[in-house]
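So the sequence lines, in the order shown, correspond to chains A and B.
Each residue of the first sequence is one higher than the last, beginning at 1 in this note's numbering.
Each residue of the second sequence is one higher than the last, beginning at 1 in this note's numbering.
Just so you know, these hints were derived from the structure itself, not from any lab.
Quick reminder that beta carbons are idealized off the backbone N, C-alpha and C, glycines included.
Any given hint could turn out to be false.
In the DMTMM-like style, the derived pairs of lysine to aspartate or glutamate whose C-alpha atoms are separated by at most 25 Å in a straight line are [unchecked claim]:
(1) B:Lys612 to A:Glu62
(2) A:Lys158 to B:Glu235
(3) B:Lys590 to A:Glu62
(4) B:Lys612 to A:Asp131
(5) B:Lys612 to A:Glu100
(6) A:Lys158 to B:Asp230
(7) B:Lys754 to A:Asp128
(8) B:Lys590 to A:Glu119
(9) B:Lys483 to A:Glu119
(10) A:Lys158 to B:Asp247
(11) B:Lys572 to B:Asp230
Facing chain A, from chain B, some residues (calculated, C-beta under 7 Å) [what the hints assert, rightly or not]:
(12) Leu228
(13) Leu595
(14) Ala605
(15) Val613
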Amino acid sequence: MICSLPPRNSDADVLYAQSVERSERPCNGGHAYSSTVGELRNVIVFAIGTARYAIELRWIREVVTLGFVTGVPTAPPVLGGLCNLHGAILPVLDVATLLELPPGPPARQGDGALVLEAESTVCALRVDQVDHVASLVESEGAVVDATGRPLTLLDPVKLMRRALELIAAEPS
Amino acid sequence: MSDIDFDDDELAMLRQLFRSEAHDALEVVTSRMLSTGSARPSSEAIAEMMRVTHTIKGSAGTVGLGAMVDLAHRLESAFAVIGRDPQAWGPLTADQLVEVTDGLRSYVDQLITQPAGAEHSAAQLRTQIANLTNSEPPPERPSFARFDPSESMVIPTIVTAGPPEPLTDQPSDAVLTGPRTITPPLGTLTAPAAIAETRDFPSRGDGRQLRVEPERIDNLMSSAGELLFDRTRIERRVQLLRTLARDLARTRQNLRDAIGPTDRAGGPVNRGLVEAENELAGQAALLSQTTAALLDEIEALRRTIGELQRGLTRIRMDTARNLFLHAARTLRALRRATGLVVELRTLGEDTEFDKTVAEQLVDPITQLLRNAVAHGIEQPEERAQRGKPPTAIITIRARQDGNLLVLELSDDGRGVDTAALRDRLVATNRWSVARAQLATDSDVLDALGTGVSVRGDADELAGRGIGLDVVRQTVARLGGEVKVSSIPGRGTTFSLRLPLSTSLAQAMLFKVGGQVYAIPAVHVIDTTLVEPGATSTTVRHEQLPVLRLEALLGHGVTSERRPGVVVSFAGKGFVGTVDKIVGPREIIIKPLGPLLAPLTLYAAATISGSGKVQLILDPAQLVRRAHPDAPEALGELISSPMVLAGRALVIDDSRAIREAMTSMLGREGWIVDVAEDGARALQMTRQLRYDLVVTDLEMPELNGFDLIVRLRDDARFKTTPIVIITSRATPEHRRRAKELGVRALVAKPITRRKLLEALALR
Numbered sequence: 001m002i003c004s005l006p007p008r009n010s011d012a013d014v015l016y017a018q019s020v021e022r023s024e025r026p027c028n029g030g031h032a033y034s035s036t037v038g039e040l041r042n043v044i045v046f047a048i049g050t051a052r053y054a055i056e057l058r059w060i061r062e063v064v065t066l067g068f069v070t071g072v073p074t075a076p077p078v079l080g081g082l083c084n085l086h087g088a089i090l091p092v093l094d095v096a097t098l099l100e101l102p103p104g105p106p107a108r109q110g111d112g113a114l115v116l117e118a119e120s121t122v123c124a125l126r127v128d129q130v131d132h133v134a135s136l137v138e139s140e141g142a143v144v145d146a147t148g149r150p151l152t153l154l155d156p157v158k159l160m161r162r163a164l165e166l167i168a169a170e171p172s
Numbered sequence: 001m002s003d004i005d006f007d008d009d010e011l012a013m014l015r016q017l018f019r020s021e022a023h024d025a026l027e028v029v030t031s032r033m034l035s036t037g038s039a040r041p042s043s044e045a046i047a048e049m050m051r052v053t054h055t056i057k058g059s060a061g062t063v064g065l066g067a068m069v070d071l072a073h074r075l076e077s078a079f080a081v082i083g084r085d086p087q088a089w090g091p092l093t094a095d096q097l098v099e100v101t102d103g104l105r106s107y108v109d110q111l112i113t114q115p116a117g118a119e120h121s122a123a124q125l126r127t128q129i130a131n132l133t134n135s136e137p138p139p140e141r142p143s144f145a146r147f148d149p150s151e152s153m154v155i156p157t158i159v160t161a162g163p164p165e166p167l168t169d170q171p172s173d174a175v176l177t178g179p180r181t182i183t184p185p186l187g188t189l190t191a192p193a194a195i196a197e198t199r200d201f202p203s204r205g206d207g208r209q210l211r212v213e214p215e216r217i218d219n220l221m222s223s224a225g226e227l228l229f230d231r232t233r234i235e236r237r238v239q240l241l242r243t244l245a246r247d248l249a250r251t252r253q254n255l256r257d258a259i260g261p262t263d264r265a266g267g268p269v270n271r272g273l274v275e276a277e278n279e280l281a282g283q284a285a286l287l288s289q290t291t292a293a294l295l296d297e298i299e300a301l302r303r304t305i306g307e308l309q310r311g312l313t314r315i316r317m318d319t320a321r322n323l324f325l326h327a328a329r330t331l332r333a334l335r336r337a338t339g340l341v342v343e344l345r346t347l348g349e350d351t352e353f354d355k356t357v358a359e360q361l362v363d364p365i366t367q368l369l370r371n372a373v374a375h376g377i378e379q380p381e382e383r384a385q386r387g388k389p390p391t392a393i394i395t396i397r398a399r400q401d402g403n404l405l406v407l408e409l410s411d412d413g414r415g416v417d418t419a420a421l422r423d424r425l426v427a428t429n430r431w432s433v434a435r436a437q438l439a440t441d442s443d444v445l446d447a448l449g450t451g452v453s454v455r456g457d458a459d460e461l462a463g464r465g466i467g468l469d470v471v472r473q474t475v476a477r478l479g480g481e482v483k484v485s486s487i488p489g490r491g492t493t494f495s496l497r498l499p500l501s502t503s504l505a506q507a508m509l510f511k512v513g514g515q516v517y518a519i520p521a522v523h524v525i526d527t528t529l530v531e532p533g534a535t536s537t538t539v540r541h542e543q544l545p546v547l548r549l550e551a552l553l554g555h556g557v558t559s560e561r562r563p564g565v566v567v568s569f570a571g572k573g574f575v576g577t578v579d580k581i582v583g584p585r586e587i588i589i590k591p592l593g594p595l596l597a598p599l600t601l602y603a604a605a606t607i608s609g610s611g612k613v614q615l616i617l618d619p620a621q622l623v624r625r626a627h628p629d630a631p632e633a634l635g636e637l638i639s640s641p642m643v644l645a646g647r648a649l650v651i652d653d654s655r656a657i658r659e660a661m662t663s664m665l666g667r668e669g670w671i672v673d674v675a676e677d678g679a680r681a682l683q684m685t686r687q688l689r690y691d692l693v694v695t696d697l698e699m700p701e702l703n704g705f706d707l708i709v710r711l712r713d714d715a716r717f718k719t720t721p722i723v724i725i726t727s728r729a730t731p732e733h734r735r736r737a738k739e740l741g742v743r744a745l746v747a748k749p750i751t752r753r754k755l756l757e758a759l760a761l762r
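Isolated chain A, as found in the complex (with noise of 0.2 Å):
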């Protein structure tokens, strides 16, 4: 499936475009990310609510659902609680909060998740509905995909540094 991607120069806080060039992981063949317009990125692309958001493929770890979620009492909404993920500790967080939307449901054990990684950091976006993995090339205008929905691509790099500027702003 093919999507646009917004031109390069977006500056939209969550979007995309200028977080490639500040990006921290080396991605899989480099290459790809000349400059080079009509290249593809391969993106997740999920549903959270009525929202349609992707992330771009190499940030993510796996899908998962959910184990029982422990809740964090004093910790701010953005952080949904915590799983236990193959032995390890995950933090679950919530998209909406870090959008400064609405925040959505509280993460429950059976909930899907996205886990990515980003700033040497592990966690899982909870998300309502995992849709497809699909190539978006770049193009003028917003994102959308095949259908010509909109999308909004995340930033996993942005989102994290939201995530620990919520939570660090959280008197303790």
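On the provided structure of chain A, position chain B as indicated by the hints.
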């Protein structure tokens, strides 16, 4: 020997020490026998064996083990006979002697760990010892001449009886400098351990091994675990600093923007502001650099802690052999119970992994064997029909895969009937029909051990689906996972993948608002009940503030009497109210990661048997909240229960005393060096300055008073506190001690209380 005035702790410790010394001494006899074969040893060798036996006799008396005194005495007498009469040595004597020393070793262990029932072993040993010199008439009285029952009583705390026989010649001390072959003490797999011990025995040869109580290693491990907590705390602070550095850089940028280029060039009003902005830039950069450097150093610390833990882990490594021995015994029992013909094959018995892991795996292996026998292996007729050999085979294979231990237990039975399992999952309402239809065989197999069993009926061996739950839970708790694979008609394989070692810690678990939390057990001193509305409560005659953990953790305060955990950290205590106390547990510490670093209330997390994450509260933070008005410095205290008192030198020719003093002073925060005589002590004082000297009086080479005189001649030791410990506190001694400015003269046996009183004197 009831007149020995040790408190229980000391006596227990001294007995452990005796056990270790006795083992070393008996090892001398054994290695003599092994080196000379069945030939009669030289007179020197016999004299040496006699001497070490004599030492055991004296030490045993000191620590109040009368029965051991008797046995050592008999053995010593037997050596005396052998030494006198060449005819007394027969072709079997060497073997008999090895048997006796071997038996004595176990006897000492038994006497110290479970004295009840030791008498039977003693009777047997008496016979064995008597048999050593059977060809001879019974030993005459004169051979008892060396034994003077009062000998060991003269100086009650000196383990080496009578005139000191220098311990330095013996392997007991040699082990400390010899090759570092460290054999971990055998753990709780008692029966296999015993087998392993006898099996190991000939190869131990010269006995150059360090014997360590398992508890000591455990303590070290838990200290290393505490280090992890400490590191996390520091790292968290530094992460906050890093955030602060970023904020500062941002503020500075804002300031810079606010000043603007025209102002920058311009007037006197803003010059100060521009300078401040420049300074701020420099400071922000410095802060940022320092923070980065700190993070590097924390990383180095992390590596060092890792090495420390790995090193400690290696000490605790066990091979799969013990686990296999256990499996063999279990299977034998199962064979008897079922009449099935099953054979056990094991592979990889030299695979090494943490003893703790090995201990935890005993139950899962038992369960999996039961499971294989109950579900997997067919009756002989069925096997014949399927064309399988009559003898079923269960294979256990252990191997290391990177950092993981992989244990695979396979049977060649009928395999898991995934269709039947699907049906049962649906029948028990665990799965919807749709889910069961969609699930792959491997999904279905994964559901095994989540409370569902293939067999509808449950018998005493297996069938309730609970057994596999235990396996999954235990393995999950150890941070591993269980995979099941099965080929219908060919068999089933359970593979357990788990870390080779774990960082275990003791913690007190409790429930608040439906969730389980933990506090490291070292900081939990008690539990109690707290009245509703109380803001403080009395625990052990101390008034402690009440911290409502339910409120802190976001739940309402109820008006009921509530259980409380009494926590003490850095000298401050409080009582935390909870919904319910779960109890002490051994937990595995998991780091929370950088995202949760700002949430200082939590130190780390652990994972429960059912795979749930449980948060570990940071006692440092709790204490600060319980004492909000305490000086801020409290918050800066690092978890260090001990204030460093200084460096102390202990001089005594008895190893037991040296160890006892090291332990007592160590607990008071002293770094303790020891010397076995005055001459050695003098050498040490030339190299190092000591803040406290504790010395015996009677010592070879240079005695206590001579040492003190020499020390007082040295300008650095003119006023150093000196404490004398002696069994002869005569008025003459006291006078002399006073002349030399000795702070206190303490009569042996030393107790902790006496020592503390002496140290408190000014």
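Checked hints:
1. B:Lys612 to A:Glu62: Between Lys612 of chain B and Glu62 of chain A the Cα gap is close to 20 Å, so the pair holds against 25 Å.
2. A:Lys158 to B:Glu235: Cα-Cα ~22 Å, so holds.
3. B:Lys590 to A:Glu62: holds (21 Å)
4. B:Lys612 to A:Asp131: It is violated: about 28 Å lies between the C-alpha atoms, which goes past 25 Å.
5. B:Lys612 to A:Glu100: violated (30 Å)
6. A:Lys158 to B:Asp230: violated (30 Å)
7. B:Lys754 to A:Asp128: Distance ~70 Å between Lys754 of chain B and Asp128 of chain A Cα, so the pair is violated.
8. B:Lys590 to A:Glu119: holds (20 Å)
9. B:Lys483 to A:Glu119: violated (32 Å)
10. A:Lys158 to B:Asp247: holds (16 Å)
11. B:Lys572 to B:Asp230: holds (18 Å)
12. Leu228: violated (14 Å)
13. Leu595: Holds. Min distance 5 Å.
14. Ala605: Since the shortest Cβ distance to chain A is 5 Å, the answer is holds.
15. Val613: holds (4 Å)
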